[in-house]
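Novice: Here is how the chains run, residue by residue.
Protein chains: 2
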Amino acid sequence: MKVQLDCVQCNLRQALEAARLVTTDLDIQKTIVLKSLEVLLEYDSYRTSPEMGGAVHEVVKEYTGNADPYEKVKRVAIKIAHDMYPVLKRYVETQEDRLLSALEVSAVGNLLDAGVYGDMRTVDMEAVLNRELTKGFAVCDIKALREDLKNAETIVIIGDNAGETVLDRILISEIKNVSGEKVGVFYAVRGVPMINDATEEDAIASGLDHDATIVSTGSAVPGLILDEADPEFLKLYRDADVVISKGQGNYETLSDTAGRGLYFLLKAKCEVVARDIAVSVGANVLVRK
Amino acid sequence: MKVQLDCVQCNLRQALEAARLVTTDLDIQKTIVLKSLEVLLEYDSYRTSPEMGGAVHEVVKEYTGNADPYEKVKRVAIKIAHDMYPVLKRYVETQEDRLLSALEVSAVGNLLDAGVYGDMRTVDMEAVLNRELTKGFAVCDIKALREDLKNAETIVIIGDNAGETVLDRILISEIKNVSGEKVGVFYAVRGVPMINDATEEDAIASGLDHDATIVSTGSAVPGLILDEADPEFLKLYRDADVVISKGQGNYETLSDTAGRGLYFLLKAKCEVVARDIAVSVGANVLVRK
Numbered sequence: 001m002k003v004q005l006d007c008v009q010c011n012l013r014q015a016l017e018a019a020r021l022v023t024t025d026l027d028i029q030k031t032i033v034l035k036s037l038e039v040l041l042e043y044d045s046y047r048t049s050p051e052m053g054g055a056v057h058e059v060v061k062e063y064t065g066n067a068d069p070y071e072k073v074k075r076v077a078i079k080i081a082h083d084m085y086p087v088l089k090r091y092v093e094t095q096e097d098r099l100l101s102a103l104e105v106s107a108v109g110n111l112l113d114a115g116v117y118g119d120m121r122t123v124d125m126e127a128v129l130n131r132e133l134t135k136g137f138a139v140c141d142i143k144a145l146r147e148d149l150k151n152a153e154t155i156v157i158i159g160d161n162a163g164e165t166v167l168d169r170i171l172i173s174e175i176k177n178v179s180g181e182k183v184g185v186f187y188a189v190r191g192v193p194m195i196n197d198a199t200e201e202d203a204i205a206s207g208l209d210h211d212a213t214i215v216s217t218g219s220a221v222p223g224l225i226l227d228e229a230d231p232e233f234l235k236l237y238r239d240a241d242v243v244i245s246k247g248q249g250n251y252e253t254l255s256d257t258a259g260r261g262l263y264f265l266l267k268a269k270c271e272v273v274a275r276d277i278a279v280s281v282g283a284n285v286l287v288r289k
Numbered sequence: 001m002k003v004q005l006d007c008v009q010c011n012l013r014q015a016l017e018a019a020r021l022v023t024t025d026l027d028i029q030k031t032i033v034l035k036s037l038e039v040l041l042e043y044d045s046y047r048t049s050p051e052m053g054g055a056v057h058e059v060v061k062e063y064t065g066n067a068d069p070y071e072k073v074k075r076v077a078i079k080i081a082h083d084m085y086p087v088l089k090r091y092v093e094t095q096e097d098r099l100l101s102a103l104e105v106s107a108v109g110n111l112l113d114a115g116v117y118g119d120m121r122t123v124d125m126e127a128v129l130n131r132e133l134t135k136g137f138a139v140c141d142i143k144a145l146r147e148d149l150k151n152a153e154t155i156v157i158i159g160d161n162a163g164e165t166v167l168d169r170i171l172i173s174e175i176k177n178v179s180g181e182k183v184g185v186f187y188a189v190r191g192v193p194m195i196n197d198a199t200e201e202d203a204i205a206s207g208l209d210h211d212a213t214i215v216s217t218g219s220a221v222p223g224l225i226l227d228e229a230d231p232e233f234l235k236l237y238r239d240a241d242v243v244i245s246k247g248q249g250n251y252e253t254l255s256d257t258a259g260r261g262l263y264f265l266l267k268a269k270c271e272v273v274a275r276d277i278a279v280s281v282g283a284n285v286l287v288r289k
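Top line first, the protein sequences correspond to chains Z and X.
In terms of my numbering, the first sequence opens at residue 1 and continues consecutively.
In terms of my numbering, the second sequence opens at residue 1 and continues consecutively.
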């Protein structure tokens with residue numbers, strides 16, 4: 001999905017929010033805003049918003065001297081998700097269509113997003129998640145997914161935020177119920193800290209290493225740029241029987257350039273992405289492309 | 001009130017919104033966003049956010065070739081307010097404290113703001129105003145104002161948006177009930193079209209010429225920069241017995257530099273202004289400074 005003009009102000013807002021997470025020094029905050037404006041002036045050099053966002057968040061890292069500004073935010077999100085895990089796990093297991101229910105939990109877990117909520121410590125995420133769970137999918141290609149899963153030997157999930165990683169364990173468990181215990185599930189994470197996106201460390205803190213093989217995409221933006229990805233990951237991605245891409249950032253970077261069939265599982269969090277999928281802002285979708 | 005880092009993204013958002021009001025040409029919209037980024041890079045040269053906003057909205061005017069991008073929006077706001085006027089006029093006249101009630105209507109009318117609501121044609125402003133009217137003031141220096149009005153011979157109201165201009169006629173009427181019919185009321189408007197702020201033409205379309213003498217501040221920003229104001233207006237401003245400044249833009253430009261006692265009557269529409277007045281976002285205030 002091509003970067004849009006709306007993405008400029010959104011990335012600028014994120015730069016200031018990220019700066020404030022790690023420093024109260026107004027001069028540093030100002031430098032970050034002004035340097036971000038310079039980055040945003042290079043609008044035409046970014047194909048997608050996550051590429052622009054990556055550049056802006058690099059500014060934050062450089063001028064705060066903090067390589068992981070969202071570290072605390074991620075820790076909080078993972079804790080929130082761990083606290084909710086047993087309840088949601090039981091909830092899914094009591095549903096008639098457990099795969100559908102696990103996909104819903106996974107999509108709703110995509111709300112644990114600091115790019116949207118800023119500092120999640122100030123939002124009652126548990127209440128938000130509970131409210132969201134009754135919503136269902138606006139688009140749901142589960143029939144095709146279920147068929148594909150039945151015959152799958154290798155499945156790749158491209159993760160998004162830290163926190164939803166915990167809830168994705170429930171999805172992996174239900175995927176194994178459909179595909180069989182022998183299916184190889186790979187959970188792909190960012191190569192470096194980027195906003196609150198999950199890294200290998202976050203995936204392990206989420207307990208995902210018990211359910212899947214954690215791999216790095218090698219990506220240094222809040223999405224997945226295939227021509228900058230790790231060659232080993234690329235091979236896995238191309239050869240997998242099913243790939244499920246989670247969240248907006250992965251959608252924005254992959255929707256036009258996937259080079260293969262993909263399932264996008266996400267909550268449409270902004271007007272720009274919602275319009276591209278032809279749903280309302282806030283809608284949960286599982287869409288095959 | 002000094003410009004804040006948050007104002008950068010807000011002014012950038014407004015630039016794109018304003019561009020979209022007058023053109024669907026994506027190249028022009030992009031040029032406006034990029035030129036606005038250049039303007040915003042001059043952060044240190046702006047004392048207040050309205051000065052920065054003025055520069056950004058000049059970019060919109062220049063690259064759309066439209067000297068009044070909000071013309072239609074203003075016409076809609078004035079129509080909405082005209083439609084509500086009779087009901088609100090009767091409402092105020094049935095209240096025990098009519099001055100207080102007229103101040104509330106005037107503050108709530110400050111919601112008719114395209115800087116906040118974008119294209120008001122897509123928002124049910126009547127429903128919003130009705131809901132707001134039950135809210136009252138978070139800060140209300142009405143006791144001092146009532147005393148000052150009793151002895152006043154000359155009163156200046158510094159107007160803000162087109163639309164609330166219509167509802168300010170009710171306030172002027174109640175002011176005359178306190179000060180006496182002979183009091184001279186001057187309603188000050190912007191010197192040129194700026195966002196949806198009222199100009200002389202808008203004040204006349206609002207019927208304000210029946211109730212007050214309309215004067216221009218000479219200001220070319222969405223606020224009032226005293227050292228750029230019209231000398232005739234400045235004399236009036238300095239000599240008036242009571243000055244009521246409406247809206248955020250006037251507050252932001254006058255709160256530190258008024259050079260005289262002022263009553264600020266507004267709705268706090270953003271975090272930055274709300275924090276400065278020590279109220280919550282959305283609060284209505286009448287504050288003497």
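Hints may be right or wrong, so weigh each one.
Pairs count within a copy or across copies, as identical chains cannot be separated in the list.
Computed cross-link-like contacts, DSSO-like style, restricted to lysine-lysine with a CA-CA straight-line distance of at most 30 angstroms [said to hold, decoys possible]:
(1) Lys176 to Lys30
(2) Lys79 to Lys143
(3) Lys2 to Lys235
(4) Lys72 to Lys235
(5) Lys182 to Lys2
(6) Lys269 to Lys30
(7) Lys2 to Lys61
(8) Lys72 to Lys289
(9) Lys89 to Lys35
(10) Lys135 to Lys289
(11) Lys150 to Lys79
(12) Lys30 to Lys72
(13) Lys143 to Lys35
Derived from the structure by calculation, the hints contain no laboratory data.
Novice: Would you mind marking each hint as holding or not holding in the structure?
Specialist: Results of checking the hints against the structure:
1. Lys176 to Lys30: neither (49 angstroms within a copy, 47 angstroms between copies)
2. Lys79 to Lys143: neither (33 angstroms within a copy, 51 angstroms between copies)
3. Lys2 to Lys235: Within one copy, since 25 angstroms is at most 30 angstroms while 54 angstroms is not.
4. Lys72 to Lys235: Classified as neither; 33 angstroms inside a copy, 55 angstroms across copies.
5. Lys182 to Lys2: Cα proximity of lysine 182 and lysine 2: none, with 38 angstroms in one copy and 63 angstroms across.
6. Lys269 to Lys30: both (27 angstroms within a copy, 23 angstroms between copies)
7. Lys2 to Lys61: Both, since 25 angstroms and 27 angstroms are each at most 30 angstroms.
8. Lys72 to Lys289: So lysine 72 and lysine 289 fail the 30 angstroms test inside a copy (35 angstroms) and across (41 angstroms) alike.
9. Lys89 to Lys35: Answer is neither: 44 angstroms inside a copy and 51 angstroms across each miss the 30 angstroms cutoff.
10. Lys135 to Lys289: Classified as within; 23 angstroms inside a copy, 49 angstroms across copies.
11. Lys150 to Lys79: neither (33 angstroms within a copy, 61 angstroms between copies)
12. Lys30 to Lys72: within (22 angstroms within a copy, 36 angstroms between copies)
13. Lys143 to Lys35: neither (47 angstroms within a copy, 48 angstroms between copies)
Of the numbered hints stated above, those contradicted by the structure are hints 1, 2, 4, 5, 8, 9, 11, 13, listed in ascending order.
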